[in-house]
Amino acid sequence: ELKVEQNPLFLSMQEGKNYTIYCNYSTTSDRLYWYRQDPGKSLESLFVLLSNGAVKQEGRLMASLDTKARLSTLHITAAVHDLSATYFCAVDKYGGSQGNLIFGKGTKLSVKP
Amino acid sequence: EAEVAQSPRYKITEKSQAVAFWCDPISGHATLYWYRQILGQGPELLVQFQDESVVDDSQLPKDRFSAERLKGVDSTLKIQPAELGDSAMYLCASSLEGPSLYQFFGPGTRLTVL
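Residue numbers (the numbering used here), protein chains in the order written: chain C, 1 to 113; chain Z, 114 to 227.
So that you can see chain Z by itself, here it is in the shape it has in the complex:
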């Protein structure tokens, strides 16, 4: 069964360092989402891509976060510099093009900032 892949699964870093997360969506899924989930909260959408274009990044802290999906397939989310408050689970999801009913979530990357 096709799945969304994410790496690394766990990342520990010190504040002020740079971190990067990678996501490979299900093959053929044009829409890709990055969410941040703080412990005990629901996921919060950071950025949505349609192919290689950003559709919505209104919740992305652009002073330190960046996301790209250069070829419209896999995607990278970067934080530079990391802050203590960035400790969270970062989830990637994908869906078929446009207004799809279902988003398929990856296993997530658990980030701890010390």
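If we strip away everything but chain C, and leave its shape as in the complex, we get:
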């Protein structure tokens, strides 16, 4: 059974600090997705990582993918309050690109002043 595990599940940060969220998955997959969800809202796509070694950055967020280790990281640089949200990683259920996504449980990030 495909598993997608995120850690930590809860993260309380101070503004200005750096931290990393980890996403491990149990099947071979050449792509990985990161989403953001604000409380009571829907999901917003952040990154799609397409190959081993892929790195993408948007503002204070940077995501990377190591397909050999089956690991993706989401690094937060100099956190600000606006980054407070729940972050999900997801992989394709069949290891390809059919779009049948399996999500992790999410990491709830709280950035405090």
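Just so you know, these hints were derived from the structure itself, not from any lab.
Every residue gets a Cβ at the ideal spot worked out from N, C-alpha and C, and that includes glycine.
It is possible that some hints are incorrect.
As the list claims (entries may be wrong) - For lysine to aspartate or glutamate, the following DMTMM-like pairs were computed, each having C-alpha atoms within a straight-line distance of at most 20 Å: (1) Z:K184 / Z:E114; (2) C:K3 / Z:D170; (3) C:K93 / Z:E114; (4) C:K93 / Z:D137; (5) C:K17 / C:E58; (6) Z:K124 / Z:D137; (7) C:K41 / Z:D170; (8) C:K3 / C:D30; (9) C:K105 / Z:D199; (10) C:K108 / Z:E157; (11) C:K3 / Z:E114; (12) C:K105 / Z:E157; (13) Z:K128 / Z:D164; (14) C:K41 / Z:D169; (15) Z:K184 / Z:D169; (16) C:K41 / Z:D199; (17) C:K3 / Z:D137.
What the hints assert, rightly or not - Covered stretches of chain Z, as calculated for chain C (at least 3 residues, CB under 8 Å): (18) 159-169; (19) 183-197.
Assemble the complex: chain C is given as a structure, and chain Z must be docked to it using the hints.
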């Protein structure tokens, strides 16, 4: 900007009643997904459509859930009868045909079963 539309946004029902949710994907998107998200969990795929055909419904509890996309555009997800454990957010998403990189999610329907 084109968006995925869902209605209703909130639904409260009693157990054993029937409920239905509607989703209108972004125009031109051939692939439509229904997800269920229990509070504190990640979304779980229930059913995937390619045009009007079901591609994957392996996680759909077929004894009580049904989904259709008759004309390959909008879609309805039905639960009959609803159970307490069905309380969740039901999210619809759509993407361009086939192996698209991006799924665009709708605002969701929050279901509470009493």
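Hints, verified against the model:
Our distance criterion of 20 Å between C-alpha atoms is broken by K184 of chain Z and E114 of chain Z, whose separation comes to about 24 Å. Note on K3 of chain C and D170 of chain Z: the hinted pairing holds, with a Cα-Cα distance of about 19 Å set against a maximum of 20 Å. Restraint check: the Cα-Cα separation between K93 of chain C and E114 of chain Z comes to about 29 Å, which exceeds 20 Å; the hinted pair is violated. Note on K93 of chain C and D137 of chain Z: the hinted pairing is violated, with a Cα-Cα distance of about 24 Å set against a maximum of 20 Å.
Only pairs whose Cα atoms come within 20 Å are accepted, and K17 of chain C paired with E58 of chain C is accepted, the gap being roughly 17 Å. Distance check on the hinted pair: K124 of chain Z and D137 of chain Z sit about 18 Å apart at the alpha-carbon level, within 20 Å; holds. For the hint linking K41 of chain C to D170 of chain Z, the alpha-carbon distance of about 25 Å lies beyond 20 Å, and the restraint is violated. Between K3 of chain C and D30 of chain C, the direct Cα distance comes to roughly 15 Å. Compliance with the 20 Å bound is thereby established for this hinted pair.
Using a Cα cut-off of 20 Å, the hinted pair K105 of chain C and D199 of chain Z holds, with the two alpha carbons roughly 18 Å apart. A C-alpha spacing of about 18 Å is found between K108 of chain C and E157 of chain Z, which places the hinted pair at or below 20 Å, so the restraint holds. Annotation: proposed proximity of K3 of chain C to E114 of chain Z is violated, straight-line Cα distance about 34 Å (limit 20 Å). At most 20 Å may separate the alpha-carbon atoms for a hinted pair to count; K105 of chain C and E157 of chain Z meet this at roughly 10 Å.
Pair hint K128 of chain Z plus D164 of chain Z does not hold up; C-alpha atoms about 32 Å apart against a cutoff of 20 Å. Our distance criterion of 20 Å between C-alpha atoms is broken by K41 of chain C and D169 of chain Z, whose separation comes to about 26 Å. Between K184 of chain Z and D169 of chain Z the alpha-carbon distance is near 18 Å, which keeps this suggested pair within the 20 Å criterion. Of the supplied pair hints, the one linking K41 of chain C and D199 of chain Z holds, its CA atoms being roughly 19 Å apart against a limit of 20 Å.
For the hint linking K3 of chain C to D137 of chain Z, the alpha-carbon distance of about 30 Å lies beyond 20 Å, and the restraint is violated. Counting residues of the region 159-169 of chain Z whose CB falls under 8 Å from any CB of chain C gives 3; the rule of at least 3 is met. Proximity of the region 183-197 of chain Z to chain C, defined as three or more residues with a beta carbon under 8 Å from a beta carbon of that chain, is not established by the 0 residues found.
In summary, the numbered hints that this structure violates are 1, 3, 4, 7, 11, 13, 14, 17, 19.
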